[in-house]
Amino acid sequence: MTARFVLIRILALLSVLLGVNYVAWRWLASVNWEAWWIAVPLVIAETYSLIDTILFAVTMWRARDRPAPRSAPTGTADVLIATYNEPIEMVMATALAAQRIRYPHETWILDDGARPEMEAAAQAAGVGYITRSADWVGKPRHAKAGNLNNALLQTDGEFLLILDADQVPDPMILDRTLGYFADDPEVALVQTPQWFVNVDEADPLGSQAPLFYGPIQQGKDGWNAAFFCGSNAVLRRDALMQLGIVGYVRNLEQSVATALRAARRMLQRAVADRSAPPDVTAELVRLQDVVERARADAASGTPIADVTYNVHSAIQESSRRLVASDLRAARADLTAIAELPVQHDAELDAFIVDETALDALAVRELSPLGAVAAVDALIEALRIDRPDEAQPVQPLATISITEDMATAMQLHSLGWRSVYHHEILAHGLAPEDLRTMLKQRLRWAQGTMQVLLRDNPLMKKGLAAGQRLMYFATMWSYLSGFAAIVYIAAPIIYLLFGVLPVTAWTVDFFARFLPYFLINQVLFVVVAKGIRTWRGQQYSLALFPIWIKACTTAFADVVLGKSLSFVVTRKDGRAAGGPPWREIWPQLTAMALLSVALVVGIGRVIVGTGDGTGTLVNSVWVLYDLAVLSVIIQAVRYRGYTPRTLDERADV
Amino acid sequence: MNITVHTVNGAAVVAVAGRLTATGAPRLRQAVEDAVAAGTPRIVIDMSDTEFIDSSGLGALIGGLKSTRLADGDLRIAAVPEAVRRVLKLTNLDRVLREYPSAEAAFDGQ
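Just so you know, the protein sequences line up as chains A and B, in that order. Just so we're aligned, residue 1 is where the first sequence starts under full-length UniProt numbering, counting upward by one. Just so we're aligned, residue 1 is where the second sequence starts under full-length UniProt numbering, counting upward by one.
The shape of chain B in the complex, shown without the other chains (with noise of 0.2 Å):
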C-alpha cells in the first residue's frame, strides 16, 4: 500500500494506493494525524486507486473521521471503487459515510 498526501482547496488529499489492510490501517491513521496537526483538518480519502479494503482498513476511517471532527474538520472518501463500495454495505458503513464522485468535489461550495 502506497499513500500520498496534496493539498487541494485548503483540504488534505490522503490518496491510497493499493490494498488497505490491517498492516497499512495504522499509515492511514498517521497519516490523517498528521494532516490534522498540521493544521487541515478537512481531509479527503481520494480511493481511486485503492484496490481493496478490510475491515482494519475501515477503522482506520472510522479513527480519522474521529480525529477530524474533533479538530471541527471533517473526513469525506471520494472516488470509491467497487470493490470498497461492497466491503462499505457489507458492514452498514454506507449508511454513515456519503461517497464523493472525486477528491476535488468532495468539499465543493463548502
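The shape of chain A in the complex, shown without the other chains (with noise of 0.2 Å):
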C-alpha cells in the first residue's frame, strides 16, 4: 500500500472519530429544544452527514490503484453500441472507432429506434446491425436494458463491450480489459471511467465525475463492489446469461404458485353456483383435483414444467368434453375475462393477483364453463413460456429505469466478481445545457432510488457486507436533498428571528465542529489528489430539488404504483428552449432569502439587537450556501461547449 493510502485511512478514521465525538455531543448536550422545530431537523441533517462521512470513509479504506491484469486478453468479444434517437453521424463515429479496436471482436449497433437510415450507415461501413425482434412488438420493452438483451441473443461473443452512442473507444480498450477475465474466471464485470471531451475546465455542468471515476469506484472495487455504469464496460455473456436463467426460475416459480392459488379461488367460486348442469359441475370438480394436486407437486419440488403441462393437458381435454355443453354462455364469459386479475408487473418483475378483479369476476356470475375457460386462460397466461414478455429471459435487469446498478447488484448476489480499471478508454459528450443534465440527473437519482426501494441491498441475499454497505453509500447520498434544505434554512432563521438551533456558539462547539470540519475537508483534498471535487460538492447541495424529487417520485412508482418514465439524455448538445425556471425557482428563491438574511442579520448587529458571534457564525454558513448555490447560475449562464481552435490558444 502507499504512502497516500495509509494517509487516507488515517484521515478517515480521524474524521469518523470527530464526527461522532461531535455529533454525540450535538444530541446529548447543544440541541435547543425550546426551538426544536429548527434545532431537532439540523441535528438530524447533522447526523445524516455524519452517517455520509462514515459511509465515505469506508469506502476509501479499501481504495487502492489496481495491478494489470497479468494474463494475456483471450476470448471473442462484441462490441454493442446502443442508440436510439441520437444522430446518425455520431453513431456511425463511435462505431467506426469501435471498428478500429485492435483486439479481434464484431461490432454491432443497437438501432432501439429502428431507423432506415441507421441500418444503411451500418451496412455501408460494414458494421452490424440489430433492432428488436417480431417478439417484442406489443411487449414491454425495457428501454437500454431491453434493447441489450434482445442483442444478447442475435450476437455470440464471450465478452461483451457496451457502449453508449456517444462514446468513442480507444483501440486499445479491448487488450486493456480482458484480461481480467483470463485471471479470474470470477470475473463477471470491467469498468472503464466515463470521460466527456466537450467540457472545459469550468464544467459549469458539474459533468465530469473525476472523484467517483477515481477514488470512490477504486474504494468500491476494494469491496468487490465496483459498479456498472451503463457503458465503457466490458461483461461476460455467461455471468450475465445465468442472470437472466436464474431469474427465469424465480418467475416461474412465483408466477406458478401465483395463477394456481388465483384458478383455485375461482374453481371454488364455480363450483358453488347451483343452477350449473351436473356434467359442468362435475368437470369443475375433477379440475379442482387437478389444481390441488399441481400445487401439492409444485411444494413438494416436481419440476415446475410437469407441473404445468398436467394441468395444461388437463384443462384441454375437460374444455374438449364440454365444449357440447353449452359454448355460447362459454363466448360471451371469454370476453369478460379478457381482463384476467392475475397481472404481470413488468418493472417489479412480479405477479400480483388484483383482488378486485377476481371479485369482480365473481360477483359477473360467470357460468361455470366460464370458469373453466377463465382458468384456462389464467394458466396460459402465466405459462412456462412468459408470454407477457418478449423473451422469457432477460440477462439485464430491468426492475429499474438505471438498469446498470441493479444489474451489477444481481451479478455480485450469485458471487460474480467486478473490476474497476482506472484509465480513460473512452471518450463522450456530456449533456450541454442545464435542463438535458437535470433530467440526466433525476434520472439516475429515480433509479438509484428504485434499486433502494424494490431490492434493498441490506437485506439482500448472496452480498457480503462491504458490498451491501458500498450500494448503500450511494443511495444514502441520494437522501441529501433533505438535508440541504435544513442547511440553508437554519441560518436564514436565526438571522431574520434570533432563533438558535444550537444552545449557544460557545468554545465547546467551535472545539469539537472545527476538527471534525477542517479533518474532513483534509481527507477530501488528499483523496481527490489534485483533482477537482468542487464543482461535486457544490451539485451534491445545490440540486436538492432533484434529489427529493427523485426520493418521492421513487416512492410513488415503486409503493404506489405511478410508473417513470425512461428520459434518454440528449447527446448532441443542447435541448430547446430557454433555461428551465421551473426546475431551479428553489434554488433561486433560497439564494435570494438568504441574501436578503445576511442583510438583516448584519442590520441587527449593527442597531445591537443580534448577537455578534452568532451572526458571525451564520454570515459564514450563509455565504458558504451562497457560494454553493452560485453553481446554478454558472449554469444557467452557460451556452454550451465551444472548443478552442489553435488560432486562439496562440492568442491567448
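Just so you know, the hints here were simulated from the structure itself, not pulled from any lab data. Worth double-checking, as some hints may not be accurate.
As the list claims (entries may be wrong) - List time: in silico DSSO-like cross-link candidates among lysine-lysine, alpha-carbon distance up to 30 Å:
1) A:Lys460 x A:Lys529
2) A:Lys461 x A:Lys562
3) B:Lys89 x A:Lys529
4) A:Lys139 x A:Lys529
5) A:Lys439 x A:Lys562
6) A:Lys461 x B:Lys89
To be verified - Derived coverage of chain A by chain B (criterion: at least 3 residues anywhere in the stretch with Cβ under 8 Å from a Cβ of chain B; other residues may be distant):
7) 118-128
8) 156-167
We treat Cβ as the ideally placed atom computed from N, Cα and C, and that holds for glycine.
Make one complex out of these two single chains by using the hints.
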C-alpha cells in the first residue's frame, strides 16, 4: 500500500472519530429544545451527514490502485453500441472507432429507433445492425436494458463491450480489459471511466465525475463492489445469461404458484354455483382436483415444467368434453375474462393477484363453463413461456430505469466479481445545457432510489457486508436533498429572527465542530489528489430539489404504482428552450432569502439587537451556502461548449 | 458442436454432441423451430454426448420450451451428463426441467 493510501486510512478514521464526537455532543448537550422545530431537523441533518462521512470513510478504507491484469487478453468479443435517437453521424463516429479496436471483435449497432438511414449507414461501413425482433411487438420494451437483452440473443461473443452512442472507444480498450477475465474466471464485469470531451476546465454543469471515476470506484472495487455504469464496460456473457436464467426460474416459480392459487379460488366459486348442469359441475370438481394436485406437486419440488404440463393437458381434456354443453355462454364469458385478475408487473418483474378484479369476476357470475375457460386462460397466460415478455430470459435487470446498478448488484449477489480499471479508454459527450443535465441527474437518482426500494442491498441475499455498504452508500447520498433544505433554512432563521438551533455558539461548539470539519476537508483534498471536486460538492447540495423529487417519485412509483418514464439523455448538445425556470426556482428563492437574511442579520448587529458571534458564524454559513448555490447561475448562463481552435490558443 | 435430429414414437429427438455454448445456441434454437414447424412439437433434447453447456445453451433450452408449449407440445431433456447437471443446478433450472433417463423414455406413455 502506498503512503497516500495509508494517509487516507488515518484521515478516514480520524474524521469518523471526530464526527461521532461532535454529533454525539450535539444530541446530548447542545440541542436548543425551546426551538425544537429547527433544532431537531438540524441535528438530524448533521447525523445524516455523519453517516455519509462514515460510508465515505469505509469506501476509502479499501481504495487502491489495481495492478494491471497478469494474463493476456483472450476470448471472443462483441462491441455493442446502444442507440435510440442520437444523430446518425454521432453513432457512426463511435462505430468506426469501434471497428478500429485492435483486439479481434465484431461491432454491432443496436438501433432501438429502427431507423432505415441508420441501417444503411451501418451496412455501408460493414458494421452489424440489430433491431428488436418481432417478439417484442406489443410487449414491454424495458428501454436500454431491453435493447441489450435483445442483442444478447443475436450475438455470440464471450465478452461484450457496451458503449453508449457517444462514447468513442480507444483502440486498446479490449486489450487492456480482457485480461482481468482470464486472470479470474469469476470476474463478470470490468468498468472503465466515463470521460467527456465537450467540457472545459470550468465544467459549469459538473459533468466530469473524477471523484467517482477514481477514488470512489477504486474504493468500491476494494470491497469487490465496483459499479457497472451502463457504458464503457466489458461484461462476461455467461454471467449475464446466468442472471437471466436464475431470474427466469424465480419468476416462473412465483407465477405458477400465483396462477394456481387464483385458479383454485375461481373454481371454488364456480363449483358453489348450484344452477350449473351436473356434467359441468363434475368437470369443475375434476379440475379442482387437478389444481390441488398441481399445488401439492409444486410444493413438493416436482419440476415446474411437469406441473404446468399436467394442468394444461387436464384443462384441454376438460374443454374438449365440455365443448358441446354450452358454447354460447362460454363465448360470452370469454370476453368478460379478457381482463384477468392476475397481472404481471413488468417493472417489478413479479405477478400480482388483483383482488378487486378477482371479486369482480365472481360478481359477474360467470357460467361454470366460463370458469373453466377462465382457468384455462389464467394458466395459459402464466405458462412456462412468460408470454407477457418478449424474451423469457432477460439477462439485464429490468427492475429499474437505471439497469446498470440493478444488474451489477444481481451479479454480485450470485457471487460474480467486478473490476474497476482506472484508465480512460473512451471519450464521450456530456449534456451541454442545464435542462438536459437536470433530466439526466433526475433519472440516475430515481433509478437508484427504485433499486433501494425494490431490492434493498442491506437485505439482499448473497451480498457480502462490504458490498451491501457500497451500494447503500450511493443510495444514502441521494437523500442529501432533505438535509440541504435544513442547512439552508437554519442560518436564515437565525439571522432573520434570532432563533438558535444550538444552545450557544460557545468554545465547546467550535472545539468539536472545527476539527471534524477541517479533517473532513483534508481527507477530501488527499483523496482527490489534485483533481477538482468542488463542482461535485456544489451540485450535491445545489440540486436539492432534484434529489427530493427523485425520492418522492421513486416512492410513488414503487409503493403507489405510478410509473416513471425513461428519458433518453440527449447527446447532441443543447435542448430547445431557455433556462428551466420551473426546475430551478427553489435554488433561486433560497439564494434570495439567504441574501436578505445576510443583510438583515448584519443590520441587527448594527442596531444592537443581534449577537456578534452568532451573526458571524451564520454569515459565514450563509456565504458558504451562496457559494454552493451560485453554480446554478453559472449553469443557467452556460451557452454550451465551444472548442478552442489552435489560433485562439496561440492568442492567449 | 454437432446437432442431429431423428424421430422416435412421434417425438423429435434432437441430439446435441459437443459443447453447447453461445456459438451453438442459435443452431439449437433453429433445430427446435424447424421440428415444431414440421409438425412435431414434442421434442427431446438428447444430451448423452453433450460435453458442456453454458448459460446461453440453457437459454436456448428455455426458448425451445416456449416454442414447443405454444404449439401444444413439450420439450424434455434426456440422458443428462454430470457436467450439464451441475450447470442446471447452479442456475436452479433443475427446478423447471425434469431429466429423463433416455430419449426413448422421455415421452413414454404419453
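Outcome of the hint check:
1. A:Lys460 x A:Lys529: violated, 35 Å
2. A:Lys461 x A:Lys562: holds, 27 Å
3. B:Lys89 x A:Lys529: violated, 48 Å
4. A:Lys139 x A:Lys529: violated, 49 Å
5. A:Lys439 x A:Lys562: holds, 18 Å
6. A:Lys461 x B:Lys89: holds, 18 Å
7. 118-128: Since three or more residues must qualify, the claim that chain B covers the stretch 118-128 of chain A is violated, with 0 doing so at under 8 Å.
8. 156-167: holds (count 3)
Of the numbered hints listed earlier, those contradicted by the structure are 1, 3, 4 and 7.
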